[in-house]
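For this one, chain A is given, so just place chains B and C on it according to the hints.
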Amino acid sequence: MEKYFYLVILFPLIGFLVNGLLGSKMKGTTPGLIGTVAVFIPFLIALGVFFNYGHESQPILQNYFPWINIFDFQANFSILIDPLSLQMTLIITGIGSLIHLYSIGYMHDDEGFARFFSYLNLFIFSMLLLVLGSNLLILFIGWEGVGLCSYLLIGFWYKNEDYGYAARKAFVMNRIGDLGLIAGIVLLWSYFKTIEFQAMAIHAANVDMSDPVIIIATLCLFIGAIGKSAQIPLYTWLPDAMAGPTPVSALIHAATMVTAGIYLLVRAHFLFDLAPSVLNLVSYVGIATSIFAAIIALRQNDIKKVLAYSTVSQLGLMFVALGVGAYTTAMFHVTTHAFFKALLFLGAGSVIHALHGEQDIRNMGGLKNEIKSTYWVFLIGTLAICGIFPLSGMFSKDEILTVLFEKSKGLWALSLFSSLLTAVYMFRLLFLTFFGTYRDDEHKKSKIHESPMVMMAPLWVLAILSVFGGILNLPHLIGGESYGKMAHFLDPIFSHSKLATEHMDAGLEIGLMALVVGLVVIIGFVLYNIYVKKESLPKPDMSLRGVEALVANKFGVDELYDTVISKPVLGISRFFGQKVESAFDGISGFFFVAGFKSIGNSLRKIQNGNVEFYLILMTGSIVVLMILQFLIKI
Amino acid sequence: MSVIIVILLTAILVLFLHIFEGRQWVNPLAILGLSLSFIILCLENNSLWGDYSSMIYMTQFAKVFTGTAIIFTILVFFINQSRLKLEEDTNNGDKLGLVLFSLCGAILLFTFTNITMLFLGIEILSIPLYVIASSSKHDLHSNEAGLKYFLMGSFATSIILFGMALIFGATNSLDIMTISEYFSQAEISKMAALGAFFVGIGFFFKVAAIPFHFWTPDVYEGTPSIWATYFATVVKIASFGAFFRLYILLGNVDNSPLYKVLVLIIILTVVVGTLTALVQENAKRMIAYSSIVNSGFLLMFFLNPSSDILSYFGLFILGYGLATIGIFSAIVYLESIGNSNGFEGFDGLGRSQPLFSLGVAICLLSLAGIPLTVGFLGKFYLLMSLSFDQWWMILLVIASSIISIVYYFRIFNGMYFSNKKASAIVAPEVVSPYLNFVVGFCALSLIIIGLFPDFYLNIFQ
Amino acid sequence: MNTPSSYLPIIIQLLVALGFVITTLVASHLIGPKRKGNKKDEAFECGIDGVGNARVPFSIKYFMTAILFVLFDVEVVFFYPYAVNFKEMGWHGFAAVSIFVGFFLIGFAYVYKRGALEWDK
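Residue numbers (this note's numbering), protein chains in the order written: chain A, 2 to 635; chain B, 20 to 480; chain C, 53 to 173.
One or more of the hints may lead you astray.
List of simulated lysine-lysine pairs, DSBU-like, C-alpha gap at most 30 Å [stated by the list, open to error]:
hint	chain 1	residue 1	chain 2	residue 2
1	B	K104	A	K26
2	B	K156	C	K88
3	B	K104	C	K165
4	A	K369	A	K486
5	A	K373	A	K486
6	A	K369	A	K534
7	A	K369	A	K446
8	A	K4	A	K486
9	C	K91	B	K156
Covered by chain B, per the in silico footprint, the following chain A stretches (three or more residues, Cβ under 8 Å) [said to hold, decoys possible]:
hint	segment
10	27-36
11	61-74
12	173-182
13	511-521
14	622-628
Per the computed footprint, the stretches of chain B lying under chain A, defined by three or more beta-carbons under 8 Å from a beta-carbon of chain A, are [what the hints assert, rightly or not]:
hint	segment
15	230-236
16	380-393
17	453-460
Bear in mind the hints are in silico, worked out from the structure with no lab data behind them. Bear in mind that the values here come from a model prediction, so they are computed numbers and not experimental data. Note that CB positions come from ideal geometry on N, CA and C, so glycine has one too.
The following block holds chain A by itself, in its conformation from the complex (with noise of 0.2 Å):
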């Protein structure tokens, strides 16, 4: 099975070719079940080899052709197949199939439809190339790749001039992130004269801790994750990426290209042990960026923007845990939310497909009559992200949870008020869509319709597995003897980490969990009170009338909340999303459009057109350069 492995990375581009030269001649759906079945073969192949790799398995290295070879340095085209490249294969071309077939439905009507999917199958096959790549360069490849699909699929609805401008910023963004990536490989090749990862482990063992050169490399492989995993401060074109069709939010923005900065950092694990303060800072980020993003959520009032701002903060989180040396445990979450945020953000596209195009949540309100089955799997979802006992969700959080209690209580202080943030949009978003009553006019009710078969399947699985995918790492806890099974299974390539988890008391991690659980139903309940049996809506300007009626109605707790609560996090959340946002905005714009634009135009002016004036110059520079070169010494 193994041999046959380069078709996983093969179908997907063999797809893209067919779609992308041949899809505007084929008709109906035919370029969708292409581009469908090309990632789903894969899936098959990579589900085979999972199934016959077992724990002393060693990993394998496929070696195709040599690529680059200069002065002593030299790059194969090879791929390297572990359970960790493995894990991350099948969560893609998993996912990747579900939201292929969604697609089929979600686009029918769109004039793209071929083009739509043979990017979508390049995206696929670059993703698959940045985690089955054996060496640094090759990642880059897929790395690069990526970016340029997501750029691609931003854009895709031309129709609007703004979404080629997002497109583009978001490409930008990501480039920066990559330059600083190529910076940390051509560094790393510098220090240890390799870049395959299995060779730069075994140098590793013998490098110094917080040696200099590995603590700017990994601070160069950590700006390429943050560029592409959206933390602060380049993480703003996530929500203007969402202005891409909702699968590819779902997809790219969700469940794949996002976690892989959080990939890059348990790959080059080995590097990132070696630099504690490199691994803090990480966490730092994490976490700052987890509770900023999900401030801005609690006000965001477009569904597609909510739930963006919900991956930014649940990447947060990721990287909070991987600061603390929780690999597994990250990996972990990065399935569990593929899962749940692909669900979810199929959810929305369902729900905005069954309202032609309607976004605003404040347009919404008692869906879940209208379209029964997507509001099931989207409860599941919101559920699941929540982490309400026993889905999904609640496994994997609670296992970041459990790892930051044991390492430092100020970042689990922390990280629980952002789980604890998430219930709190992620119950609003709910409730404000599904609950109440329909608040858009009754023409537009008439025509509300479930959405077809095609879309709700993949959706159904997608809630399958978000119920019952903490199974694949259940806590000792729970599961028993089988506990731990995805930790098991990722173990081997941590051989050499010096940082472990063990377990600690099993009194105290049922007492966490039953917190963290307890807290999130409160939030649901005060939330169902607000939203549902208040119909109170969302406003951008809230006035303190509402906060005096609410107490005129006696709601005690709903007036606690309002004023303790509600009132300034909602007053910072506009702060944030407002002031501070278009900060990063305005300065990352600033240096990279208008600044270097205004230096650039008074530089056209010296191209005047007058050829005296360029020989004037021109002599001027000889003279200039001759004094600089012959009778300045430096």
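Positioned in the frame of chain A, the structure of chains B and C alone reads:
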């Protein structure tokens, strides 16, 4: 030598065929002659070249560069063929003849072993170009471009000649081996140093390094796009081929008379070039500035010259040339359907000509340095060739690459994401098969060599 | 001997020469009497009035003929050294010069066929 003879004879045949009622065969004949000279180049044994009073010598480096220049010229002629279908050109033979003559000059620049040949090469390369630049007789911009190019080109040539005279005065020889022996001494005379300095300055002009770049945007914009393609590629590769050889001889020594200037000019070129490219509103001018920035990158190879670097240098310039030809052929197509060559001319091209614009897109990706293309490899090799005490150069390359995305992707955005004039653009015009061929050739070569760079790099051995 | 300081006299002379010119020009401008008027400012205060513009476009044909003349003139000049060394160079030299002339004849034929020498067209 036989390569030069074949090209010269082709040029003469082309000229005569044109006046003797064979106008439609002129372009095919030129392409045929060039293909023949390419085959001869491949078959030729290097040793044959030593015989011409040791004036020229074909090294392996020269051979690869000659071959590249010939292929670029063939591609330019293919683009030209697409134009001939649409309009009657009564002077086509003259233009082709001039281009072929200037190609001979380019080959002299790769092969000279005597600085008189260098000077002859520069003049044979340049003088036909002044005429070509103004070849669109009734277009005022074209006339202006020709005159500007001529004035500033002769300015640069005179500076080079002055430098050569000083070098001759100091070394009493025109043979570059003798000169290089002189320069490798520990102490060289002021006169020789000044001579090397002036030759260097002249070449900075020829390769369009800032602050000697002023002619580039104006000339590229005014010159008919087909010939601007030739300027941006063959002329560039010729100037760089000669400059690199000279720099190894004159500048790559202890106490180099060029090193400080080189460093300063690289910084200026990359920084100013990138920033100015950002604000251009015209695709041709943007390409002109992009070619200036690429000159800056190519000059960085001069910092640590070695025999390996030669081949990486070749790879970089190949990637640049192929991508530029691809984008220029898109500009030629847009002009032929009456679009302006501002960025808005590209709007909607991705929908009206999907396959064609896929090729153009690959060329753009290569220029921007996205992996799996030659452009990425070129930049990667450039980074690897810089040593770590030149870390600020590395930063320069990286920063410039980030910003370059913004301006390269303006074309990209226009082709794929623009909604403006979508219906107007989707004209029934078919892209000429010749243009399709050129773009396809460029895009495929960029990807194939990007995947298997050793095929190309091994030719240098 | 060949040090920068040996150029000092030249620099001093340059400065003196420049200084003299500038001083006299400035001084005469300041001291000299000035009288201005329409008649005074004319190019030719006495004589025939100027007519038209000196920069009249010439017919391109003059340039063509002149350039072609220079081209073939240079060819003729090459015959002088050849004539002096005629005997020593023998058949080899004869062949070389024949090829040289041959190229020029091809050029001439081209010029003629292109119509560069036709005056009335």
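Against the structure, the hints:
no., hint, result
1, B/K104 <-> A/K26, "29 Å, holds"
2, B/K156 <-> C/K88, "47 Å, violated"
3, B/K104 <-> C/K165, "25 Å, holds"
4, A/K369 <-> A/K486, "37 Å, violated"
5, A/K373 <-> A/K486, "35 Å, violated"
6, A/K369 <-> A/K534, "15 Å, holds"
7, A/K369 <-> A/K446, "13 Å, holds"
8, A/K4 <-> A/K486, "26 Å, holds"
9, C/K91 <-> B/K156, "45 Å, violated"
10, 27-36, "violated (count 0)"
11, 61-74, "holds (count 8)"
12, 173-182, "holds (count 4)"
13, 511-521, "violated (count 0)"
14, 622-628, "holds (count 4)"
15, 230-236, "holds (count 5)"
16, 380-393, "holds (count 4)"
17, 453-460, "violated (count 0)"
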